[in-house]
Structures are given as C-alpha cells and as structure tokens.
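J.: So the chains spell out like this:
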Amino acid sequence: MGMLRVISKRGDDRVHWNEQDALTGDPEAMAAIREAERIFASERARGSTAFHVEAGKPVERLEQFDPQATQIILVPQVVGG
Amino acid sequence: MNLEVLVYLLIGIIVALSLIPLWRLALDYYLEWSEVNRRANELLRSVLTDEQYRQLKRHGYLDIPSPRDPECIYRVPHAPDQVGVIEQGRLKAGLCLQPLEKVPDSDIVVMHKLMIEADEETYLQTANKFIAI
Chain A
12 MGMLRVISKR GDDRVHWNEQ DALTGDPEAM AAIREAERIF ASERARGSTA FHVEAGKPVE
72 RLEQFDPQAT QIILVPQVVG G
Chain B
26 MNLEVLVYLL IGIIVALSLI PLWRLALDYY LEWSEVNRRA NELLRSVLTD EQYRQLKRHG
86 YLDIPSPRDP ECIYRVPHAP DQVGVIEQGR LKAGLCLQPL EKVPDSDIVV MHKLMIEADE
146 ETYLQTANKF IAI
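Those protein sequence lines, which keep their order, are chains A and B.
Position in the first sequence counted from 1, then plus 11, gives you the numbering used here.
Position in the second sequence counted from 1, then plus 25, gives you the numbering used here.
Errors might be hidden in some of the hints.
Derived DSSO-like pairs: lysine-lysine, alpha-carbon spacing no greater than 30 Å straight-line [to be verified]:
(1) B:Lys-154 to A:Lys-20
(2) A:Lys-68 to B:Lys-82
(3) A:Lys-20 to B:Lys-82
(4) B:Lys-117 to B:Lys-154
(5) B:Lys-117 to B:Lys-127
(6) A:Lys-20 to B:Lys-127
None of these hints come from the bench; they were simulated from the model.
All figures in this text were calculated on a predicted structure; none of them were measured in a lab.
Chain A extracted, bound-state conformation:
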C-alpha cells in the first residue's frame, strides 16, 4: 500500500493506493494511482517539496511520483522568514 500525505492548512490530506492491485489491472487501483500522481504533480507545480518517508530508512527528496513508495509527504512551499 502506498500513501500520499499533503500537508496543508486542513492538516494532511491523504490518498491511498495499492500498487499490487494496479499491476493486476484493477481499474480502481489504477485510478487511485492516477489520482495520487495528479495531486503530486499539481502540488509540485505550486512549489511543494516531496519526500519519500519510510520507517528505518533515510528520508529522500522525490522529484517524480513513485507508485512503489510506501509513504510520500508533500510539504507546502517554504520561504525564509
């Protein structure tokens, strides 16, 4: 299972997908991945930064959506204060 978490003023919005089901051609699973990918691209275009976060592994910055990631966190655009 993969999860995209978008940090925003609403807390974090979550989108889940199941890559295994998508690989077997499940239309709902494929649609969920497409939706997560769309949100990822849209938030990145707004200046958000994406991170691949997995327990026990170092955090990595993501430039492209990765359906194999277990958890992606999108942080809104930041500026020097």
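Given the structure of chain A, go ahead and fit chain B onto it with the hints provided.
T.: Leaving out everything else, chain B in the frame of chain A:
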C-alpha cells in the same frame, strides 16, 4: 414585574439570540482546528522515533543532527520560533523558515525534519540566518 424590567429582559433575550450564530461559528472553527491539529500530531508521531517524540514532549523541541556535520545539531521548537543551530554545544545561529500557508505547529516540525534530513543544503539556502551574539 414593571415595564422597565420587562424591556431590559426582552433586550437581553434579543442580544443573546443574536449572539448564537457567532458562538456557533467560533465553536465550528475550534472543532475544525482541533481536528486539523489532531491529524498533524498523528503525522508528527509517525515520522519521529520514540526517543525523538519523548524529547519533543518533554523539552518542547526536537534535536536533529546535521547530515553533513557531526558536530552540528538543529534544535527545532514545537512552537513558532527560530530553529537553533548548535555547534559543539553552543548556539551559533537562528534559522527562520516558514510555509507560505498557515499550518499547525506539528506540521512545521515535520517540515523542518524532512528538509534537514533529505536536503540540508537547500534548507540552509532558503532559511534566513541570524547569527547568535
């Protein structure tokens, strides 16, 4: 009951009734913000180790070791404030970095942690730096 008391009573009832929508609005805002904070705390808890979470709850800040410099630590507060840059146990600078949209304090801690650990160079380039005197 004389007429004057009756008038005051009526005015009081009218004022109280007119305030109901405002109370409702304030309550809705409070409940929504509580839910937002609950979710932000849940996310924060999921990205921290037990030790880091305990430190944050006990001291109100989180120490994140610099990935590039073993002698440097970033002290991230759980409240709106500068991030301290600590080198060899001494505060050397303060960093100020904030999201463009208002997010809960717990999400800001997550933001600092992810940026420092995954891309410290960009983090330092983006933050405004204040040298400690």
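J.: Does each hint fit the structure? Answer for all of them.
T.: Results of checking the hints against the structure:
At roughly 26 Å between alpha-carbon atoms, B:Lys-154 and A:Lys-20 fall within 30 Å of each other, so this suggested pair holds. For the suggested pair A:Lys-68 and B:Lys-82, the alpha carbons sit about 24 Å apart, so the restraint of at most 30 Å is met. Between A:Lys-20 and B:Lys-82 the CA atoms are separated by roughly 23 Å; this keeps the pair inside 30 Å, and the hint holds. Between B:Lys-117 and B:Lys-154 the CA atoms are separated by roughly 10 Å; this keeps the pair inside 30 Å, and the hint holds.
A distance of roughly 28 Å separates the Cα atoms of B:Lys-117 and B:Lys-127; the hinted pair therefore holds under the 30 Å criterion. Under the criterion of a C-alpha separation no larger than 30 Å, the hint pairing A:Lys-20 with B:Lys-127 is consistent with the structure, at around 6 Å.
The structure shown violates none of the earlier numbered hints.
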